[in-house]
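Chemist: Use these hints to put chain B onto chain A, whose structure you have.
What follows is each chain in one-letter form.
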Amino acid sequence: MIEVVHPGIFSIVVDGGRYGYADYGVPSSAAIDLFALKMLNAMLNNPPSAPAIEVIGSGFSLRFHSDITCAITGAKVDALCDGKSVRSWSSFEVKSGDTMKIKDIIEGFRYYVSFSGIMDIQKIINSFSTNLECGFGGYKGRPLKKGDIIGLSSPRIERSSTVPETMIPNMKSPHEINFIKGPEYAYFESESLKRLFEKNTLSCYNVSSKSNRTGIRLEGVPLLFKTGVEKSIISEGILPGTIQIPGDGLPIIMLNERTIGGYARLGVVARADRDLLAHLKPGDKVKLKMVNESDAKLLCKRKTKVYNAYTKTKKEVPK
Amino acid sequence: MGFQAEYCGVVNIMEYQRYSEEGLRIIFGNTIDLSVNKEVRRYYLYLKSLGIKEIIDIIPSYCSCLVRFDPDAITFKKLISRLKNEEAHINDFDAPEPIIHEIPVVYGGENGPDLSFVASYTNLSEKEVIDIHTSTIYTVYTIGFMPGFPYLATLDKRLNVPRLETPRTRVPKGSVGLAQLQTGIYTYESPGGWQIIGKTESMLFDHTKEPYCLMMMGDKVRFISV
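For the protein sequence lines, the chains are A and B, in the order given. Counting in this note's numbering, the first sequence runs from 419 upward without gaps. Counting in this note's numbering, the second sequence runs from 25 upward without gaps.
Because the hints were derived from the structure by calculation, they are not lab data.
EDC-like cross-link-like pairs, simulated, lysine to aspartate or glutamate; straight-line CA separation at most 16 Å:
1) A:LYS644 with A:GLU609
2) B:LYS151 with B:ASP138
3) A:LYS705 with A:GLU637
4) B:LYS108 with B:GLU39
5) B:LYS77 with B:ASP94
6) A:LYS558 with A:ASP538
7) A:LYS715 with B:ASP96
8) B:LYS197 with A:GLU551
9) A:LYS703 with A:GLU637
10) B:LYS101 with A:GLU711
11) A:LYS502 with A:ASP522
12) A:LYS719 with B:ASP96
13) B:LYS72 with B:ASP116
14) A:LYS599 with A:GLU711
15) A:LYS732 with A:GLU576
16) A:LYS721 with B:ASP96
17) A:LYS719 with B:ASP94
18) B:LYS102 with B:GLU78
19) A:LYS590 with A:GLU525
20) A:LYS494 with A:GLU583
21) A:LYS703 with A:GLU616
22) A:LYS715 with B:ASP94
23) B:LYS197 with B:ASP230
24) A:LYS541 with B:ASP230
25) A:LYS703 with A:GLU594
26) A:LYS558 with A:GLU421
27) A:LYS723 with B:ASP96
28) A:LYS541 with B:GLU234
29) A:LYS699 with A:GLU594
30) B:LYS181 with B:ASP57
Isolated chain A, as found in the complex (with noise of 0.2 Å):
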């Protein structure tokens, strides 16, 4: 059992998603970086899409109420546990009876913390992850507050692992994000999508504080519409990572929360780059890059190397 004695800014109960319903509307709601929700699955030995709690910001604290081990991965954190130095991405064994207190976010944005067992919560339409925005699934529906307990199944110990530095990617401003075109790319002006790509500083975008988990709004030089083309198209079935281009040319990438969209379609963030999503925070300096399809696959092969390599390792470690 572990109970909530700081929430931080913002933490919410997330899992590897909610699939099969988005004919009714119903988004993903997965955690924004997938590949950390895996790699912290695989430190603690539970399946690879099990739920973790997704947090925003210090403060975020734990009581355990079991002898288990628990684990950090996503931004880079400082944290205390029982008076202890921990950080994200190494395991740590915990008592019951410790706290756990995150001090400081060193790198990145969204950090995301679980234990050995899964989190006793019930499953929502086939899934963890909390949808804010209709108050379901997760916990009771809603981000956790001071006081929460969450039960624990098949609680235990196990052996501590630490993700080598080479295997944690990077999560620092600026960031580059690389895209595939979109279905209304040709809509806009040519030269306004070669600025766009210039290597300067005109064509870097900063994240807008309005950015939310629904999407991330980027505020730099708008990009410019071919005359005669209609801004907004009919509504229609979009991606996770889809750079939508509403009507004042600032891109929004969509994230995990919604299926359908009815505005211009730049681009879709490349499946490698979507974990990258959760860690562009206000005011950070974001670069895009057109990749084609293949490009695209082989920056998935590379991260799904990481992957492998890691749980290898993993494997050959004596029990």
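Modeler: Chain B only, in chain A's frame:
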């Protein structure tokens, strides 16, 4: 408009278009049109009935179907050829008849704060707005924006009103709204920019009970003033 020209006017002839690493758009047209939407529906229901395990989600909308597939399980090329092979069977597929849903609505007052604006904007009385809104049988063109939210068309032209200039930060669950030639029902409380003319107690989406969603794409809706 080079891109648009590629599929302009080829209603009923499907076009397959890749959308990122794990998306396939099947395009049936580029207008809001009931006959196009019927094609989308037939295709969507047929594809859904096949239960292809590499397909993660199918999102049908006004004039296209988006197939989200698992690129680690099937290549784009293989998926396309699989779906092209199915084309011949689509017309033999017996699509289930749409269901007609009757939705009781309390119009105006605090349940429909924009009814008076809609009446004055359209030069109609509030009663006339209600009569017109309840006299059409609408089609569910697509479901989205939030779980279970039906995009209903086509609204009588006399009720064509713009969206709110400043969207409300809170539209209550069950609110019935208008926007251009569409009408819809908010299934959850949310921010929103549609003109709200009434409210229903009908449960359109229930996350606790399968099949969760009251309406399916292609279903019909009639509003009843209570």
